[in-house]
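Participant: One letter stands for each residue in the lines below.
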Amino acid sequence: MEWDWNFVREIMPTLIQGVKITILATILGSILAAIVGLAIALARRSENRIVARSVGWFAEFIRGTPLLVQLYFIFYVLPDIGILLPPLVAGVIGLGLHYGTYTAEVYRAGIDNVPRGQWEAAKACNLNGRHTWTHIILPQAIPPMIPALANYFIAMFKETPLLSAITVLELMNQAKSVANTYYRYIEPMTLVGAFFLVISLCSVVLLRWLEHRYGRIER
Amino acid sequence: MTQWSGYLGLILQGALVTIELTLMGSVLALIMAFLAGMGRVSRFFILRAIATAYIEFFRGTSIFVQLFWAYFVLPFAGLSLTPLQAGVLALGLNVGAYAAEVVRGAILSVGREQYEACTALNLGRWQGMRHVILPQALLVMLPTFGNNAIELLKATSVVSLISLADLTFQAQVVRSQTGSTLMPFASVLVIYFALALIISWGVRTLERRMARGLDGVRV
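First to last, the protein sequences are chains A and B. This note's numbering applies: residue 1 is where the first sequence begins, and numbers increase by one. This note's numbering applies: residue 220 is where the second sequence begins, and numbers increase by one.
The hints are simulated quantities; they were obtained by calculation from the structure and are not laboratory data. Take these hints with a grain of salt, some might be off.
[Said to hold, decoys possible] Distance ranges between label pairs, derived from CB positions:
hint: 1; chain 1: B; residue 1: F412; chain 2: A; residue 2: G129; range: 27 to 37 angstroms
hint: 2; chain 1: B; residue 1: V260; chain 2: A; residue 2: I83; range: 49 to 59 angstroms
hint: 3; chain 1: A; residue 1: D4; chain 2: B; residue 2: R349; range: 48 to 58 angstroms
hint: 4; chain 1: A; residue 1: A155; chain 2: B; residue 2: F412; range: 15 to 25 angstroms
[What the hints assert, rightly or not] A partial selection of chain A residues facing chain B, derived with a Cβ cut-off under 8 angstroms:
hint: 5; residue: T65
hint: 6; residue: P66
hint: 7; residue: Y72
hint: 8; residue: Y76
hint: 9; residue: D80
hint: 10; residue: E159
hint: 11; residue: P161
hint: 12; residue: A165
hint: 13; residue: M172
hint: 14; residue: T190
hint: 15; residue: L201
C-beta atoms are modelled at their ideal positions from N, C-alpha and C, and glycine is treated no differently.
With the sequences and hints as input, model every part of the structure.
Facilitator: Structure follows, in structure tokens:
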């Protein structure tokens, strides 16, 4: 079977629609993962042992099980208990929750890297818990972890094709439907692969830049 | 209640397929990791270039796209694969690319004086690698290999989308036959988590065994 450029031109608009959804899902998922990760990291440091332990186990469980099954769980089980979600929302929640457990480790390492003296200085200045976090600890902890966070967001981007399994019309799903309509698999599948390869090669450059810009901790 | 036992049998059959895939994928990944990882530190430019291209390609495109490509596009090139073959191929090559970087990092982490000692003992490049460098590097790789194996286990769920009857696939079968959602997905999640725990326990045990007698040597 030969590569056909005319066919490529014909299916491009459909694929680009898919690209938009893929990117939207990645951005929303990243925002959610950043928030969920911070929440998990903070909860694991909580003074309440039960909260810290159970959140730790929950995160461990999510990290040890496949994203695809978690997506099915959100998509099929939640409606049975009365929570009806559109596919894209279910997908974003799944991505955000799954990668939130990864970003939580990044936050944990970042927070642990803030020198002890900063905590003591905050106490000496009579700051309360909330102010210590928002004005002293997090502003120093977050910049060095930006490259590691970005790394996980790129990994998430590469997992977005899984959303096609819960009927989100993202790039992979568009490619599959095009392929099934015309019974030509080479062009759509290869284009999807090329698209992911190009984006992730670009993201390597972006990561290098981020590491250069934020990676070093100033002491 | 009796009917659940039948469905549970179905899910256990799926678990066997998942375990089989994980084992075969891991073997392929291990072979590829050593080939590409040692290619990356080769003194021949051509070997380095091939290894880098392989690693960047398989890390850059997502496992999902690779699997679909292997299953749907390769047949047009005259190479028909069964779902199991396509699954093992995609999983092994994908995870192998990630693990290759681990191999490379571990080889580079072995101290310079060890290489100098090899030269002093008049060992050839291959002899030094085999008897001096790799035994030490292996211990550094092991924990990350464990994480890679868990990633591979999680990635096996994707093969359900090319109609291979693994755990995730059987969960979908049970869901469509019984209409029950919580039972299949919850039990499948628990089984995946248990398998992940077994892998991390196995790797820890192996690490302890291999570290025996190296206490004075390890930095």
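Participant: It remains to establish, for every hint, whether it holds in the given structure.
Facilitator: Going through the hints against the structure:
no.	hint	result
1	F412(B) x G129(A): 27 to 37 angstroms	holds (34 angstroms)
2	V260(B) x I83(A): 49 to 59 angstroms	holds (52 angstroms)
3	D4(A) x R349(B): 48 to 58 angstroms	holds (50 angstroms)
4	A155(A) x F412(B): 15 to 25 angstroms	holds (20 angstroms)
5	T65	holds (4 angstroms)
6	P66	holds (4 angstroms)
7	Y72	holds (6 angstroms)
8	Y76	holds (4 angstroms)
9	D80	holds (5 angstroms)
10	E159	holds (6 angstroms)
11	P161	holds (4 angstroms)
12	A165	holds (6 angstroms)
13	M172	holds (7 angstroms)
14	T190	holds (7 angstroms)
15	L201	holds (6 angstroms)
In this structure, none of the earlier numbered hints is contradicted; all agree with it.
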